[in-house]
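Undergrad: Given next are the chains, with one letter for each unit.
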Amino acid sequence: MTYLRHVLDHLRKDLRLEWRSRDSINGMLFFALLVVVVFGLAFDPTGYPTTTRQIAGGILWVALLFASITALNLSWARELRNQVLEAQRMAPSPASALFVGKTLANMLFVLIVEAVLAPIFIVFFNLHVLGNAWLLALILPLGTWALVVNGTFFAALGLRARNRELLLPLLLLPISLPALLAMVQGTTGVLTADLDAIQINTWIGQLAGYDIIFTTICILLFETVLNAE
Amino acid sequence: MEQRTPSLRSVAWLWFGIALAVLIVGFRQAIFLTPTDAAQGDVGRIIYYHVPSAMMGLVFPYVNFVAALAYLYWRRRDPLRALAADALALAAAEVTVVFVSIGLLTGMLWGRAVWGIWWTWDARLTTYLLLWLLYVSYLLLRRFSSTGESHTLSAVLSVFAAVDVPIVYMSIRWWRTQHPAPVFGGDANSGMDKSMLPAFFWNLAGWAIWGIFILIFRFALERRRQIAEQEAALQAIEASLEIPQ
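Line order of the protein sequences matches chains B and R. Start counting the first sequence at 1; every next residue gets the next number (our numbering). Start counting the second sequence at 1001; every next residue gets the next number (our numbering).
Please keep in mind that the hints were generated in silico from the structure rather than gathered at the bench. Check the hints yourself; a few may be wrong.
Said to hold, decoys possible - Computed Cβ-Cβ distance ranges for the label pairs, DEER-style:
(1) B:Leu111 - R:Leu1197: 54 to 64 Å
(2) R:Ile1117 - B:Gln199: 54 to 64 Å
(3) B:Leu111 - R:Leu1008: 57 to 67 Å
(4) B:Pro141 - R:Pro1035: 30 to 40 Å
(5) B:Leu41 - R:Ile1117: 28 to 38 Å
(6) R:Phe1201 - B:Asn132: 48 to 58 Å
(7) R:Val1043 - B:Asn26: 29 to 39 Å
(8) B:Asp9 - R:Ile1243: 41 to 51 Å
Cβ atoms here follow ideal geometry from the backbone N, Cα and C, with glycine treated the same way.
The whole structure should be built from the sequences, with the hints applied where relevant.
TA: As structure tokens, then:
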């Protein structure tokens, strides 16, 4: 119970910080929007609806992935000011509570971005979902969690590194590749209705398994990373 | 630590000599003694270099993983021993990258000659490419992170990589079985002819001995660097203590 309270405290602190600046969400939103626009210019989405459906899943996840990378570094860089992170390390609360709180906060930010981006995406790409669109309500949060939990972890890992902005994608992308594969395949399967329900369910199951495995490892190893020196 | 005793040195030279000798025998077997492959012609001889390198590229990640776990275990309990484990992890990661690179490059050459394409997103190829990406990112992390913490952070990344590779393999295999597999001219590995076996095993042994030699050589080099660093730090501390008097 006390662990849960610590997590909620960290979550509340992160939400309040974001509410006062709104840097992360605004940055992510505009960045993702730009990615969507660039891809919209690169080929003609309205002219080729079938092709659009086939690649829209990939584009959506690429936009979200790069957008969240920009925000994840920021979420830890905030802790560096005034030696807040040193204070966190000395605090008697478990280190993983800090990690879980921050991951939940980041998750919430990316979900907000997705909620705003999804209608824009559908309008710009003239997208008609052929499959069961409600499955996206399962795939999107699971995929987002996979990105955010590893992303928050590796952003903390690279926090004191030289050029940490560059390091995060270099570490995050190879590790997230199986999750990316599952979410892109699942999303595309729903959009095109090419995959049958069992296949989509298997992708969702894989995504959930990936989430569970990597959340566990992140929580177990976070204290090591926080006190790495 | 590693004393450069003459006996150790002669063992190293002996090992090096054995590696060279076995590789020469393997070369003779592979190029001159084994009959030409019926389906592929002389191009098929690349199997004696591609498969051993690829296998070594799958063995050394385990060394890296075990060394990383040992580092994490000894980190607080026995820091000096932990440093040795870290040196081994670094050496294993570098040897992994070298072998996987050779495996990928020879595979591409072979694929171009036999399949007509340099690359295909087949399950095994994709997994192998990801293995390469993971260990390159491991080496990049070691280079980018600040000196005091790079050991711990890279050990953590090594654990992640070890967990990731089986997941990737399963997910990609599942993904690819959904599509018709590209038509390969018969799986070369499925049944190796008896006449090919000596060349194959000589080369496998040769590259294994060579890989272990490089691993230990790199390990010794890293240990020397660490010891030199420790001595320099000690001298700096001693020098700083003398100033106030």
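Undergrad: Against this structure, judge whether each hint is valid.
TA: Hints and how they fare:
{"no.": "1", "hint": "B:Leu111 - R:Leu1197: 54 to 64 Å", "in the structure": "58 Å, holds"}
{"no.": "2", "hint": "R:Ile1117 - B:Gln199: 54 to 64 Å", "in the structure": "27 Å, violated"}
{"no.": "3", "hint": "B:Leu111 - R:Leu1008: 57 to 67 Å", "in the structure": "59 Å, holds"}
{"no.": "4", "hint": "B:Pro141 - R:Pro1035: 30 to 40 Å", "in the structure": "59 Å, violated"}
{"no.": "5", "hint": "B:Leu41 - R:Ile1117: 28 to 38 Å", "in the structure": "31 Å, holds"}
{"no.": "6", "hint": "R:Phe1201 - B:Asn132: 48 to 58 Å", "in the structure": "54 Å, holds"}
{"no.": "7", "hint": "R:Val1043 - B:Asn26: 29 to 39 Å", "in the structure": "57 Å, violated"}
{"no.": "8", "hint": "B:Asp9 - R:Ile1243: 41 to 51 Å", "in the structure": "46 Å, holds"}
Against the hints set out earlier in the document, violations occur for numbers 2, 4 and 7.
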